[in-house]
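Asker: Sequence:
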Amino acid sequence: MVIGVCTLELSLPAATSLKDKRQVIKSLMARLRNEFNISVAEVGAQDQKQWAVVGVACVSSDRDYAHGLLSHVVNWVQHNRLDCDLADYQVQIM
Numbered sequence: 041m042v043i044g045v046c047t048l049e050l051s052l053p054a055a056t057s058l059k060d061k062r063q064v065i066k067s068l069m070a071r072l073r074n075e076f077n078i079s080v081a082e083v084g085a086q087d088q089k090q091w092a093v094v095g096v097a098c099v100s101s102d103r104d105y106a107h108g109l110l111s112h113v114v115n116w117v118q119h120n121r122l123d124c125d126l127a128d129y130q131v132q133i134m
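Residue numbers for the sequence shown follow my numbering, beginning at 41 and rising by one.
Derived from the structure by calculation, the hints contain no laboratory data.
Worth double-checking, as some hints may not be accurate.
The following label-pair restraints were derived from C-beta to C-beta distances [as the list claims (entries may be wrong)]:
id, residue 1, residue 2, range
1, 56, 99, 33 to 41 Å
2, 89, 119, 36 to 44 Å
3, 104, 53, 29 to 37 Å
4, 74, 128, 21 to 29 Å
5, 101, 127, 14 to 22 Å
6, 41, 112, 15 to 23 Å
7, 89, 114, 33 to 41 Å
8, 127, 66, 15 to 23 Å
9, 77, 56, 16 to 24 Å
All C-beta atoms in this analysis are idealised placements derived from N, C-alpha and C, irrespective of residue type, glycine included.
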C-alpha cells in the first residue's frame, strides 16, 4: 500500500475576510474531491485571510500512480483556479 500526500500553500490575494477565504477554499476542496476522488482538508493558516494550506492525500497500490495523481492535482490547481495562486507545494510518497 502506498500513501501519497501533497501540501499546497495558496495565496488568496482577493480575500478581504476569513469568510471570503472560506468560500474559495471550500469551493477548491469540493472541486478537487469531485475531479480526482482524493481526500482534501485545510491543514494550516486557518487564521490568516490571504493564505491557506491545503492537504491532499491518496492511497494506491502503485507508487507511480500516486505520484502522477498528485502531480496532476498540482497542475490542475495552477491552471484552473484563478481565485488563488499556488505559492509552494510538497509531494511525499510513503
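Asker: Need the list of violated hint numbers for this structure, in ascending order.
Answerer: Hints 2, 5, 7 and 9 are the ones this structure does not satisfy, whereas the remaining hints hold.
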